[in-house]
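Novice: So the sequence lines, in the order shown, correspond to chains A and B.
To convert, take the position in the first sequence, counting from 1, and add 57; that gives this note's numbering.
To convert, take the position in the second sequence, counting from 1, and add 377; that gives this note's numbering.
Calculated from the structure, these hints are not laboratory results.
Careful: at least some of the hints might be erroneous.
[What the hints assert, rightly or not] Result set (EDC-like, lysine to aspartate or glutamate): computed pairs, CA atoms no more than 16 Å apart in a straight line:
{"hint": "1", "chain 1": "A", "residue 1": "Lys109", "chain 2": "A", "residue 2": "Glu228"}
{"hint": "2", "chain 1": "A", "residue 1": "Lys109", "chain 2": "B", "residue 2": "Glu435"}
{"hint": "3", "chain 1": "A", "residue 1": "Lys267", "chain 2": "A", "residue 2": "Glu292"}
{"hint": "4", "chain 1": "A", "residue 1": "Lys251", "chain 2": "A", "residue 2": "Asp222"}
{"hint": "5", "chain 1": "A", "residue 1": "Lys295", "chain 2": "A", "residue 2": "Asp274"}
{"hint": "6", "chain 1": "A", "residue 1": "Lys109", "chain 2": "B", "residue 2": "Asp473"}
{"hint": "7", "chain 1": "A", "residue 1": "Lys109", "chain 2": "B", "residue 2": "Glu516"}
{"hint": "8", "chain 1": "A", "residue 1": "Lys198", "chain 2": "A", "residue 2": "Glu161"}
{"hint": "9", "chain 1": "A", "residue 1": "Lys253", "chain 2": "A", "residue 2": "Asp222"}
[Said to hold, decoys possible] Here are some, though not all, of the chain B residues that point toward chain A, as calculated from beta-carbon distances under 8 Å:
{"hint": "10", "residue": "Leu394"}
{"hint": "11", "residue": "Thr515"}
{"hint": "12", "residue": "Glu516"}
{"hint": "13", "residue": "Met524"}
{"hint": "14", "residue": "Asn527"}
Note that the Cβ used here is the ideal one computed from N, Cα and C, for glycine as well.
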Amino acid sequence: MLTFENPAIRIQNLTKTFGDHTVLNKLSFDIPRGKITTILGFSGAGKSTLIKHILGLVQPTSGYISVLDRDLSSLKDVELREFRQSFGMLFQYAALFDSLNAIENVAFPLREFTKLSNEEIIKRCEDLLESVGLEPIAFQKIPSELSGGMRKRVGLARALSLQPDIMLYDEPTTGLDPITTHMVDNLIRSTSEKHKDREMTSVIISHDVKATLRISDFVAFLDRGNIVEYLPASEFAKSDNELVQEFVNL
Amino acid sequence: MAIDTATHSQKNFIIRLIESLGASILENLHAFGSFISFVLNALLWLFRPPFRLRLFFEQLYFVGNKSIFIIMLSGSFTGMVMAYQTYFGFKLISVDSLVGPVTALTLAKELAPVLTGLIVAGRAGAAMTAQIGSMKVTEQIDALEVMGINSVQYLAVPRIVAGTISVPMLSALFLFIGNVGSYIVGTKFLSIDEAIYLSKLGDFMFLGDIWQGLIKATFFGFLISCIGTYFGFNVTKGAEGVGKGTNLSVVWGMIMVLITDYFLTSFLIHIL
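With the hints as constraints, model all of the structure from the sequences given.
Specialist: Following this line, the structure appears as structure tokens:
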């Protein structure tokens with residue numbers, strides 16, 4: 058199992074049970090700073106529960122999670138909410154606010170958490186939307202008028218608006234056509250490259266092995282609540298773990 | 378042997394009946410506890426900054442302003458029909474001059490707050506559940522939480538405050554329009570003398586009667602918006618869940634208006 062010095066996220070003996078059902082079972086692993094790490098796994102393996110723990114949205118039954126050197130269990134509710142501003146998250150279906158247009162969706166966190174003037178906010182939002190490749194003609198459109206790919210771009214721009222230290226991607230290519238999938242993958246890679254100087258860490262939850270191997274630096278395989286394989290992306294396909302081989306060769 | 382089997386299956390049936398009854402009671406107690414915990418959480422967040430005035434005014438506009446037409450329509454026809462019904466009943470015993478105060482008292486104490494409550498539950502309560510429910514199933518609520526924004530404070534608190542404030546205002550409007558309708562029907566169509574109508578109204582109607590209705594309406598507004606937002610936050614299973622949640626919100630909103638009306642009446646009648 059890979060270990061890193063001064064990781065962005067450190068998880069130790071994390072266990073989460075819901076009633077009799079154990080979702081995460083003494084899970085331990087590190088996620089390195091400034092890299093793209095993908096967590097692969099079958100449905101129901103515990104990937105979403107793991108993401109919720111990293112965000113501090115769910116309390117572990119037992120175990121320890123430290124994010125950016127801060128022990129999440131030691132943070133009070135208010136501190137935890139403030140700390141979440143260090144995260145950006147791209148949701149499976151972008152989760153844009155459907156009453157706001159593209160630019161206002163991106164402006165939302167800036168209006169909530171900064172004291173920037175309206176002009177500065179709009180300027181920053183336009184820059185962000187352009188940086189993720191959205192055409193200016195779409196800036197004023199509401200989410201229902203945008204295609205799946207455009208929504209992902211807006212979702213990514215919104216997630217990046219507060220310059221997060223950790224970017225989380227929840228199945229970013231689910232439900233997209235192959236061309237848009239490719240576009241989103243490239244966007245994730247280029248976003249990570251652009252923010253390399255400040256060591257932005259990217260964590261992807263995915264089912265897509267091909268894309269994972271193309272864009273990730275490290276790949277972890279989660280099965281029945283535990284990491285059964287964790288390797289650099291270049292070595293992952295060569296793993297001798299049967300489950301990994303089954304997943305890779307599907 | 379046959380009798381033994383029949384007795385055994387009868388016992389099994391009774392046990393199953395008790396089990397399902399117990400399970401249903403436990404489930405409802407759990408739902409009630411979860412509702413109370415939701416309301417307490419919302420009340421806690423009401424007093425914590427940031428205070429989102431823009432969201433509050435948006436909701437006040439939606440619950441209050443957007444309900445004005447339907448309230449005026451219902452209020453005027455309720456007042457008019459009350460005047461008609463009371464007049465023909467009272468005429469039999471020659472007390473038709475009391476149409477004004479009877480209509481006004483009924484409207485002030487019961488009809489205005491209860492009908493306003495039912496209308497708001499059907500219109501705004503349902504919309505609250507549908508809006509929040511669809512945000513829940515499209516992960517918009519998760520997006521708020523990930524940004525560090527408390528979704529209850531952001532979505533539920535402005536709606537609950539707006540509902541609590543706007544329902545008594547709408548009820549007052551219902552009362553006023555209802556009385557205007559009753560006055561027009563009474564004096565113009567049923568030939569009750571205008572001076573008698575107004576003087577009897579002054580003799581029998583007191584400020585306490587109006588307060589009773591307004592206090593009730595405030596409770597109804599609070600309850601309807603709590604129920605509407607609670608069911609929104611508890612929506613599951615996609616679009617079907619949003620429909621189910623909206624349906625439950627309207628049904629429970631209306632039922633709770635009628636149930637609390639009885640208890641509030643029995644309490645307020647002694648103090649006002």
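Novice: Would you mind marking each hint as holding or not holding in the structure?
Specialist: Right, here's what the structure says about each hint:
no.: 1; hint: Lys109/A to Glu228/A; verdict: 14 Å, holds
no.: 2; hint: Lys109/A to Glu435/B; verdict: 31 Å, violated
no.: 3; hint: Lys267/A to Glu292/A; verdict: 13 Å, holds
no.: 4; hint: Lys251/A to Asp222/A; verdict: 13 Å, holds
no.: 5; hint: Lys295/A to Asp274/A; verdict: 15 Å, holds
no.: 6; hint: Lys109/A to Asp473/B; verdict: 69 Å, violated
no.: 7; hint: Lys109/A to Glu516/B; verdict: 13 Å, holds
no.: 8; hint: Lys198/A to Glu161/A; verdict: 10 Å, holds
no.: 9; hint: Lys253/A to Asp222/A; verdict: 10 Å, holds
no.: 10; hint: Leu394; verdict: 26 Å, violated
no.: 11; hint: Thr515; verdict: 6 Å, holds
no.: 12; hint: Glu516; verdict: 4 Å, holds
no.: 13; hint: Met524; verdict: 5 Å, holds
no.: 14; hint: Asn527; verdict: 7 Å, holds
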